[in-house]
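Participant: Given chain A's structure and the hints, the job is docking chain B with the ligands onto it.
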Amino acid sequence: MADFFTSKDWLEAVDIVKTEVPLAIWETLYVTLISTLIALMIGLPLGVLLAVGDKDGIIPLPAPLRHFLNILINLLRSVPFLILIVVVAPLTRLIIGKAFGTAASIVPLVIAAFPFIARLVESSVHEVNPNIIEMAQSTGASPFQIITKVLIPESVPSLISNITIALTTILGYTAMSGAIGGGGLGKLAINYGYYRYKYLVMIITVILLILLVQLFQSIGTKLSVVSDKRLKKK
Amino acid sequence: MIELKNISKTFRTSDSTVEALKNVSITVNDGDIFGIIGMSGAGKSTLVRCINMLERPDEGAVLIDGVDVGSLKSKDLRNTRREVTMIFQGFNLLMQRSCLNNVMFPLELAGVKKADAKKRALELLETVGLPDKANAYPAQLSGGQQQRVAIARALATDPKVLLCDEATSALDPKTSHAILSLIREINEKLGITVIIITHQMSVIEEVCNNVAILDHGEVAEQGRVVDIFTHPKSQAAKRLVFPEGEQEILVENSAYRLRVIFGGAKAAGTPLIARLAKEKGIEANILGASTKAVGDKAYGNMLLSFADENSKDLAIAFLKSIEDISVEEV
Ligand SMILES: Nc1ncnc2c1ncn2[C@@H]1O[C@H](COP(=O)(O)OP(=O)(O)OP(=O)(O)O)[C@@H](O)[C@H]1O
Ligand SMILES: [Mg+2]
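Taken in sequence, the protein lines are chains A and B.
Numbers -18 to 215, taken from my numbering, label the letters of the first sequence in order.
Numbers 3 to 332, taken from my numbering, label the letters of the second sequence in order.
Be careful, since some hints might not be right.
Said to hold, decoys possible - Distance condition first, Cα-Cα at most 27 Å in a straight line; then the derived BS3-like pairs of lysine-lysine:
| id | chain 1 | residue 1 | chain 2 | residue 2 |
| --- | --- | --- | --- | --- |
| 1 | A | K210 | B | K240 |
| 2 | A | K130 | B | K77 |
| 3 | B | K120 | B | K191 |
| 4 | B | K268 | B | K240 |
| 5 | B | K7 | B | K24 |
| 6 | B | K191 | B | K176 |
| 7 | A | K130 | B | K240 |
| 8 | B | K121 | B | K162 |
| 9 | A | K213 | B | K121 |
| 10 | B | K116 | B | K7 |
| 11 | A | K210 | B | K116 |
| 12 | B | K120 | A | K213 |
| 13 | B | K235 | B | K268 |
| 14 | A | K130 | B | K162 |
| 15 | B | K115 | A | K130 |
| 16 | B | K77 | B | K176 |
| 17 | B | K121 | A | K130 |
| 18 | B | K240 | B | K280 |
| 19 | B | K120 | A | K130 |
Rather than coming from a laboratory, the hints here were simulated on the basis of the structure.
Pulled out of the complex, with its shape left as it was, chain A reads as follows:
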């Protein structure tokens, strides 16, 4: 064991990790958070719209529109991420100016994530007790007030835990976007492990990714519990 930590491989790996990992972690966090944020801006309203737009929801959408949205979301969700990256490349080029690199990886991430987030939000909103919606209606709430004062506030704990799931999933996807030159821990793992056979570096970066996911997940779980007034002690 002692031999291992003085071996050439190990020392070299440590050296690479020291010089390259801080930037990689930064890039991973930056891409993950920005992508999640943009995906949320699209997915949150869309998810709420899906939930309230149900056939017997508070703002029933016209059937064709509802079907269109559902099919679109299902379609986007069923395309494998690596293929999605390729398919949206023209769009990426249009928005970012190039289809390659860290900033460019945000576009496919957002497109993969927002339908997923919309579904998670839809299910969070559906968890709100329908009797409470009826109470709000009987109190004279408009559909818009029901959304802003009942549906969203009442589903906050569930939204937080679902957004955490989205965040960790997107974190995993950023590792894949390393394949198209998106920066971060994923790129590091692929560059050293796959192309240069430096498995130690790959293992260390993978461990770091796992730790990041764990960190996000425990913060998310904690926040969800703390925010939930149903769990307050008597």
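Facilitator: Coordinates of chain B with the ligands only, in the frame set by chain A:
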């Protein structure tokens, strides 16, 4: 005044149609505590939801102080709903809001200034006996306390009418009694008309002046609670007043039988039998009894049998001397 005129409502699902309400007409006067009682599935909730148009009747009209609620535009309907508020079996509090914020909710919807809303909400929590729970969350309260918060919330917009759909069904008898007392108090002090939906006769007895009996979507009988208790006419009313079944009692085989009818007598059943034994030395056999206390008065009837003609006659004489009791031979 609330007038339900010839309300009908049919639910159609893919595999069945349910006629939930059939030509229901009910009038509720201002200041009344009006009960609507019926078995599960009788259409009570559907009916009460028609009053504030949470459910649209297929036919008929709902008039509140002469205004046809069904024809109101959505904005006017929302204003009407502030005057006809509702409490529920499941309390339906916003679980992520404090009690104070729950009571403020209707005021917030109505656009009342925050400081004014808070002041009013605190007063209302005082009214319902929970001044110290303003900052507690619903999950930290008992069922009875949650219903009190819901009542405070229902009162926030100064309603004219309070609709209660099985408001005490999820509570134990003692808590249920306390909530009903609070509702009566609100009715008396604030002059709010109350409509109470229930499947429990005890609830009607305890607080209602008038009652409508709903049976399979139809009004079987309606009128003053005391009248329906003393002279139930419809089968549905008899089932409610005599849950054990009137007929069964009569098949009991004995030649010397009397039916004692309590028409609001102070005396309850059992002391009467005790007095009959003590004062007259007559032993009466109770074949069946369905007496109900309404306020402090007894209503209902009791079937007695006696050993011989003589003791039966003595009993008749004794019972007839008591006010508000009538006797018939059966
Ligand atoms: N939205 C609906 N769709 C289909 N059927 C319905 C609907 N709402 C009520 N019904 C049916 O209408 C009938 C009356 O229901 P309602 O809820 O009014 O009864 P209830 O008297 O309130 O009963 P309970 O005491 O169980 O609450 C029932 O047969 C019920 O199944
Ligand atoms: Mg009901």
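Participant: Determine for every hint whether it applies to the structure shown.
Facilitator: Results for each hint:
1. A:K210 to B:K240: Status violated; Cα separation ~47 Å.
2. A:K130 to B:K77: holds (18 Å)
3. B:K120 to B:K191: Distance ~22 Å between K120 of chain B and K191 of chain B Cα, so the pair holds.
4. B:K268 to B:K240: OK: K268 of chain B and K240 of chain B at ~22 Å, within 27 Å.
5. B:K7 to B:K24: Judged against 27 Å, a Cα distance of about 11 Å means the pair holds.
6. B:K191 to B:K176: holds (22 Å)
7. A:K130 to B:K240: At roughly 47 Å apart (the allowed maximum being 27 Å), K240 of chain B and K130 of chain A break the hint.
8. B:K121 to B:K162: holds (21 Å)
9. A:K213 to B:K121: Roughly 25 Å between the alpha carbons, so the hint for K213 of chain A and K121 of chain B holds.
10. B:K116 to B:K7: Violated - the C-alpha atoms of K7 of chain B and K116 of chain B are around 40 Å apart, more than 27 Å.
11. A:K210 to B:K116: Between K210 of chain A and K116 of chain B the Cα gap is close to 22 Å, so the pair holds against 27 Å.
12. B:K120 to A:K213: holds (23 Å)
13. B:K235 to B:K268: Since the Cα atoms of K235 of chain B and K268 of chain B sit roughly 24 Å apart, the hinted pair holds (cutoff 27 Å).
14. A:K130 to B:K162: At roughly 25 Å apart (the allowed maximum being 27 Å), K162 of chain B and K130 of chain A satisfy the hint.
15. B:K115 to A:K130: holds (16 Å)
16. B:K77 to B:K176: With a Cα-Cα distance of about 40 Å, the restraint between K77 of chain B and K176 of chain B is violated, given a limit of 27 Å.
17. B:K121 to A:K130: holds (20 Å)
18. B:K240 to B:K280: violated (33 Å)
19. B:K120 to A:K130: At roughly 17 Å apart (the allowed maximum being 27 Å), K130 of chain A and K120 of chain B satisfy the hint.
When each numbered hint is compared with the structure, violations occur for hints 1, 7, 10, 16 and 18.
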